Amino acid sequence: MPAEVRVPISSDADVVTARAEGRTLAAQLPFSATELTLIATAISEVARNIVLYAPRGEVVLRLTREEGREGIVVTARDEGPGIEDVALALQDHFSTGQGSGLGLPGARRLMDEFELESGPGGTTVTMRKWASRRA
Amino acid sequence: MAVPILKQGPYLIASIQAAMTDSDVLQLRDDLMERVGRYRSRGIIIDVTALDVMDSFASRSLRSIAHMTRLRGAETVIVGIQPEVAFAMVQLGLNLEGVHTALDLEEGLALLSRGTEEPGDGAS
Numbered sequence: 001m002p003a004e005v006r007v008p009i010s011s012d013a014d015v016v017t018a019r020a021e022g023r024t025l026a027a028q029l030p031f032s033a034t035e036l037t038l039i040a041t042a043i044s045e046v047a048r049n050i051v052l053y054a055p056r057g058e059v060v061l062r063l064t065r066e067e068g069r070e071g072i073v074v075t076a077r078d079e080g081p082g083i084e085d086v087a088l089a090l091q092d093h094f095s096t097g098q099g100s101g102l103g104l105p106g107a108r109r110l111m112d113e114f115e116l117e118s119g120p121g122g123t124t125v126t127m128r129k130w131a132s133r134r135a
Numbered sequence: 001m002a003v004p005i006l007k008q009g010p011y012l013i014a015s016i017q018a019a020m021t022d023s024d025v026l027q028l029r030d031d032l033m034e035r036v037g038r039y040r041s042r043g044i045i046i047d048v049t050a051l052d053v054m055d056s057f058a059s060r061s062l063r064s065i066a067h068m069t070r071l072r073g074a075e076t077v078i079v080g081i082q083p084e085v086a087f088a089m090v091q092l093g094l095n096l097e098g099v100h101t102a103l104d105l106e107e108g109l110a111l112l113s114r115g116t117e118e119p120g121d122g123a124s
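Chains A and B are the protein sequences, given in the same order.
Just so it is clear: in the first sequence, position 52 is 52 by my numbering, and no numbers are missing.
Just so it is clear: in the second sequence, position 118 is 118 by my numbering, and no numbers are missing.
If you're looking for bench data, these hints aren't it; they were derived computationally from the structure.
Accuracy of the hints is not assured; some may be wrong.
[Stated by the list, open to error] Partial chain A-side listing against chain B, Cβ under 8 Å, derived:
hint: 1; residue: 12
hint: 2; residue: 41
hint: 3; residue: 69
hint: 4; residue: 110
[Unchecked claim] Residues of chain B placed beyond 10 Å of chain A at every Cβ, according to the derived structure:
hint: 5; residue: 3
hint: 6; residue: 13
hint: 7; residue: 21
hint: 8; residue: 39
hint: 9; residue: 72
hint: 10; residue: 73
hint: 11; residue: 84
hint: 12; residue: 88
hint: 13; residue: 92
hint: 14; residue: 106
hint: 15; residue: 109
[Said to hold, decoys possible] Selected chain A positions facing chain B (in silico; Cβ < 10 Å):
hint: 16; residue: 11
hint: 17; residue: 14
hint: 18; residue: 19
hint: 19; residue: 20
hint: 20; residue: 23
hint: 21; residue: 32
hint: 22; residue: 35
hint: 23; residue: 42
hint: 24; residue: 60
hint: 25; residue: 103
hint: 26; residue: 109
For clarity, every value in this text was computed on a predicted model and none was experimentally measured.
Ideal Cβ placement from N, Cα and C applies to all residues, glycine included.
All chains, please: the whole structure from these sequences, using the hints.
Below, the structure is given as structure tokens:
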């Protein structure tokens, strides 16, 4: 399996590339069709957040194997202004911009694990989803 | 990639062929708004069978297309939402409230020709 796939994000077309790459990579693991769609949708949300709120960023996709289980790790990084109130940003329907306010909280519901770190230098979202069947 | 829009009698049929960028979605909105006026259309079907992802932006945009075209006198029916996509939309917390949906193109056309009621009002 390839170590990782990096997708630079600066325009709305990159959002489509990132979610397609994520689906292709995740398809190497025993994810169901529904799970692949959940992963692609979550990637779409975090990648769009970069386009909406930062000049540029990247989505890094990586397969992982830990403690006998396999999964995909999605890291979305940007060099944007950072999120002032992370707790608020993870609330449904809250948005400071033109978003729907469902992107980040929605992505968190679609994945198994979700971490968000934000500071003046930018924001990093790390999400994981584990393949339900054990390898 | 522009979405082809066919005119069939009083209806417009937009068949999405591939993954859409945000700009493609906005282009579709503008094209439909313009054509509803040009062809005096009474109904619109947007076929999303080919979409493997419907995220918050796409879903919100389709809802505004439906509401905007309704203000111009045309009812919109979204058809072909795939089962996995429907599942992801519900998990995301998205709904297409106030928008007509149907299983496929055939059902969508049947819904338009019956005349659409306000979705969710239960009256017939």
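Hints, verified against the model:
no.	hint	verdict
1	12	4 Å, holds
2	41	4 Å, holds
3	69	21 Å, violated
4	110	5 Å, holds
5	3	14 Å, holds
6	13	23 Å, holds
7	21	4 Å, violated
8	39	29 Å, holds
9	72	23 Å, holds
10	73	27 Å, holds
11	84	4 Å, violated
12	88	4 Å, violated
13	92	4 Å, violated
14	106	24 Å, holds
15	109	27 Å, holds
16	11	8 Å, holds
17	14	9 Å, holds
18	19	6 Å, holds
19	20	7 Å, holds
20	23	7 Å, holds
21	32	8 Å, holds
22	35	9 Å, holds
23	42	9 Å, holds
24	60	19 Å, violated
25	103	5 Å, holds
26	109	5 Å, holds
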